[in-house]
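Chains A and B are the protein sequences, given in the same order.
Under my numbering, the first residue of the first sequence carries the number 8, and numbering increases by one thereafter.
Under my numbering, the first residue of the second sequence carries the number 321, and numbering increases by one thereafter.
These are calculated hints, taken from the structure and not from any lab test.
Any given hint could turn out to be false.
Partial pick of chain B residues on the chain A-facing surface, computed with a CB cut under 7 Å [what the hints assert, rightly or not]:
id, residue
1, 467
2, 470
3, 471
4, 474
5, 477
6, 482
7, 490
8, 494
9, 577
Using N, Cα and C, we set each Cβ at its ideal position, and we do this for glycine too.
What follows is each chain in one-letter form.
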Amino acid sequence: MLNALLHVIRRDLLLAFRRRTDVMGTLVFFCIVGALFPLGVGPEPELLRTLAPGALWVAALLASTLALQRLFGADHADGTLEQLLLSPEPLALIVAGKVVAHWLISGLPLVLLTPLLALQFGLDAGATIALALSLLIGTPALSLVGAIGAALTLDVRGGGVLVALLVLPLSAPVLIFGAGAAVAETGSTLADANLLLLCGLLAAAAALAPWATASALRISLE
Amino acid sequence: MSSIGTIIDERRPRAASLLRYASPQTALPLVERAIPWLHGAAALLALAGLYIGVLLAPTDFQQGDAYRIIFVHVPAAWLSMLIYVAMAFWAGVGLVLNTRLSAMMASALAPTGALFTFLALWTGALWGKPTWGAWWVWDARLTSELLLLFLYIGFMALQAAIPDPRRADRAGAVVALVGVVNVPVIYFSVQWWNTLHQGASVSLRSAPSMATPMLLGMLVMTLALWAYAIGAVLQRLRAIVLERERHAAWVPRHLGASA
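Extracted from the complex, chain A is given alone in its bound form (with noise of 0.2 Å):
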């Protein structure tokens, strides 16, 4: 079972790698919205840097969002998903390791962006840090929580508009936590308590998510 599900992850890795503008465009979109919040907002250094943790997760939150197509795209229109769907492997377990080489390609790297970011903003070690760490739980959430909405609009015209639709909402929890953690004072019982209840949600995500997006992809499918 563990090797069936090094080999999706592996095999989704191969091909992200094979085709990188793909991996390209989600991390060139974060920066842009990260870019365009201080050109809305105006380049006073003490706004930006209060309003730096709640813009930057919703560019990650739109970027992940943006990312979710090719989750299960390429699969369905080469045919791939439908032989994967036969497999004698739990299908739940196949998408547990798509979405965790998902995220590998396109929520960590916006996690290793976040610095870069940070820096534009004006923000210290300290808050940067803590900015990444909420990060680094709640992308993998929003992966988990995606990938149901993108297995249900599978094949669905006006899927891209329909995907946000339906996880935008869902990820409310995630970002409310996430941005919570990173705007609290590092160390405080806010920050904790905020990152306690991003890994719960992150723990639940990854308990029930996969077998959602299964059964989703079933109903795509028949």
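Keeping the supplied structure of chain A fixed, place chain B upon it in accordance with the hints.
Just chain B, lined up with the frame of chain A:
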């Protein structure tokens, strides 16, 4: 035909005779008979509730007459959550047992639920302006109610985007079941977070913290909105059944008989 029907009825236990109504064909006459009664009850109860609420109930000593919006706001907010749970329940039943009517019921519930969610938000804004001094605050209950509206819209948009009705039913069911986690969050938000929205004034476990005519008006209005909601949902259900089953032989027969 009728003699066979009665023989089967006599043999089967009561539960089975109720399960008969899982078939759109048997349920439709019952639904059609109930609709006028429900609409009538809704109109009468609403008149009674508004009479109690606007004319009989005393003016609140803190909030003045602005509080009277609760006679619409509180029942609408209750129903917005309850209808979502009912929708998720019927969608789940449809997904597990593969019954067509349950899935149609879930689709019929969604627009009414969205309407009540919007009504709860709108009347809340009308009440919030004179009382809190703001149309909208980012309070936990308001935000989660807004998310509920988005969930209803997502459910309806997904069903509308999928041309195959069976796939639309099942995909909608997954969304409804995933989204149901939001309902307890709304309900308990005033207890979990210390926010601006006041706690519940009516509870089964303790005496209500409001004057009797106020409570009576609110309960009568709740019954009125319940009757309206069920009537409207059944009317929409009837339309969905007739549209989806239009190729079945019983539909023209049924329409011919009732016309």
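For each hint, the structure was consulted:
For residue 467(B), the interface hint holds, since its Cβ comes within 7 Å of a Cβ in chain A; the closest pair sits about 5 Å apart. Given the 7 Å rule on beta carbons, the hint for residue 470(B) holds: about 4 Å separates it from the nearest Cβ of chain A. A cut of 7 Å between beta carbons decides the hint on residue 471(B): the least distance to chain A is about 5 Å, and the hint holds. Taking 7 Å as the C-beta cut-off, the interface hint given for residue 474(B) holds, the closest approach to chain A being about 5 Å.
Because the beta carbon of residue 477(B) sits about 6 Å from the nearest beta carbon in chain A, less than 7 Å, this interface hint is met. Of the supplied interface hints, the one on residue 482(B) holds, with its beta-carbon coming within about 6 Å of a beta-carbon of chain A, less than 7 Å. For the restraint placing residue 490(B) at the interface with chain A, the shortest Cβ-Cβ distance is roughly 4 Å, inside the 7 Å limit, so the hint holds. For residue 494(B), the suggested interface contact is upheld, since its CB lies about 5 Å from the closest CB of chain A, less than 7 Å.
Interface restraint check for residue 577(B): the shortest CB-CB distance to chain A comes to about 36 Å, outside 7 Å, so the restraint is violated.
Hint compliance for this structure: hint 9 alone is broken.
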